[in-house]
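Asks: As numbered in UniProt numbering, residues 1 to 377 make up the sequence shown, in order.
Everything labelled a hint here was simulated from the structure, so no lab data went into it.
Here a beta-carbon is modelled for each residue, glycine too, at the ideal position from N, C-alpha and C.
It is possible that part of the hints are untrue.
Below 20 Å or equal to it, Euclidean Cα-Cα: the simulated DMTMM-like pairs (lysine to aspartate or glutamate) are [said to hold, decoys possible]: (1) 282 with 148; (2) 346 with 71; (3) 360 with 71; (4) 27 with 98.
Distance ranges between label pairs, derived from CB positions [to be verified]: (5) 206 with 167: 48 to 58 Å; (6) 237 with 352: 36 to 46 Å; (7) 214 with 328: 21 to 31 Å; (8) 101 with 127: 46 to 56 Å; (9) 319 with 127: 37 to 47 Å; (10) 62 with 279: 47 to 57 Å; (11) 352 with 124: 46 to 56 Å; (12) 267 with 319: 15 to 25 Å; (13) 250 with 212: 16 to 26 Å; (14) 23 with 268: 45 to 55 Å; (15) 125 with 319: 26 to 36 Å; (16) 127 with 295: 30 to 40 Å; (17) 163 with 50: 51 to 61 Å; (18) 367 with 249: 28 to 38 Å.
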Amino acid sequence: MAVTIAVTRERRDGETRTALTPDMVRKLTGMGVTVVVETGTGLGSSIPDTAYAEAGATVARDLKTALTGADILMKVRGPTASEISALRPGTVVVALLDAWRDKDTVQALSGAGVTSFAMEFVPRISRAQVMDALSSQANLAGYRAVIEAAAAYGRGFPMMMTAAGTVAAAKVFIMGAGVAGLQAIATARRLGAVVTATDVRPAAKEQVESLGAKFVAVEDEEFKAAETAGGYAKAMSDEYQAKQAALTASHIVKQDVVITTALIPGRPAPRLVTAAHVSSMKPGSVIVDLAVDNGGNVEGIKAGELATTANGVTLVGWTNMPGRIASDASSLYARNLVAFVALMLKDGILAVDLDDEILKAAAVTHGGAIVHEGVKG
């Protein structure tokens, strides 16, 4: 009997992306999979129901119908209580679960006997590159952050020489040179800005400079060892943070735009920009915080809001930045998701092998228990 994959509307506030696009429906049906899509699933990404139907999916009239008989539920963000209650024990759920923070959803999935996988836990190994949803979404977030900054900034980004005079190039400072930060650097450079960037990982220096930006950091012995085996930034000592803060303070006062992107897996976002930093910046300056969903890198910024401080600095706290470019974000995420789900499809049969290193790393719940060591407790 064919495996049935269901995709339902995203029910979390502000989520415009979808977990499956018509081209990926065609890929799944070509693998012998039955695809059921709840009506309205793709509207936030400008995908009508007819596009899914033409690609070979069945369009279900409501949630209950979509989930009846589903073997796998594919989502962007974690399912809601109404979705979990409609799942049979043993159903597989694959999504960006935000498992470190959303303990209630994890507990509900475990209690329902659902096998769940968090796309944010896909390991950074060569075999899993095509499944790396964090990177695909961060790329778009970095790009969109610069576009949002340019929209909020009351001046041009490139230097422009005219008969009436010269417009100076914007000075843009990117804090955090991971996937999002590097894309922000590249985008700001393409728009003609003078770009500087900082990161606590020594490998980032060469990457930043290869994109034409200047690297700014305290490069001491701690800095040289500030990277995990998985390529993530380590938490730094108070002494290092104080030195870096002093350097940041002297640099940020000269900037027109600051974009922060720093995240540490499993922990709140580190505070990089203080209220004092913000108050030192020129009127008309802009700060965009890509870590606002996880507590924020910028003191005083509020999730989901755009505000102007007393000294005229615009704080951009938009959440879900990839969702502001939903069509492309959905396309990339769907490819990540289908590549991941394909690991569980063997000759048209659902076969979840938790000894597979990718599935094992991403598994959160299975058999009525929480199985991910980093999420337990």
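Asks: For each hint, tell me whether it holds in the structure or not.
Replies: Results of checking the hints against the structure:
1. 282 with 148: 18 Å, holds
2. 346 with 71: Roughly 14 Å between the alpha carbons, so the hint for residue 346 and residue 71 holds.
3. 360 with 71: Holds, at roughly 19 Å.
4. 27 with 98: 27 Å, violated
5. 206 with 167: 48 to 58 Å: 32 Å, violated
6. 237 with 352: 36 to 46 Å: Between residue 237 and residue 352, where Cβ atoms are some 42 Å apart, the hint holds.
7. 214 with 328: 21 to 31 Å: 29 Å, holds
8. 101 with 127: 46 to 56 Å: With Cβ atoms ~28 Å apart, the hint is violated.
9. 319 with 127: 37 to 47 Å: With Cβ atoms ~32 Å apart, the hint is violated.
10. 62 with 279: 47 to 57 Å: 52 Å, holds
11. 352 with 124: 46 to 56 Å: 22 Å, violated
12. 267 with 319: 15 to 25 Å: Distance hint for residue 267, residue 319 holds at roughly 19 Å.
13. 250 with 212: 16 to 26 Å: With Cβ atoms ~22 Å apart, the hint holds.
14. 23 with 268: 45 to 55 Å: Distance hint for residue 23, residue 268 is violated at roughly 37 Å.
15. 125 with 319: 26 to 36 Å: Holds, at about 30 Å.
16. 127 with 295: 30 to 40 Å: Roughly 32 Å apart at Cβ, these two residues keep to the hinted range, so it holds.
17. 163 with 50: 51 to 61 Å: At 53 Å between Cβs, range holds.
18. 367 with 249: 28 to 38 Å: 52 Å, violated
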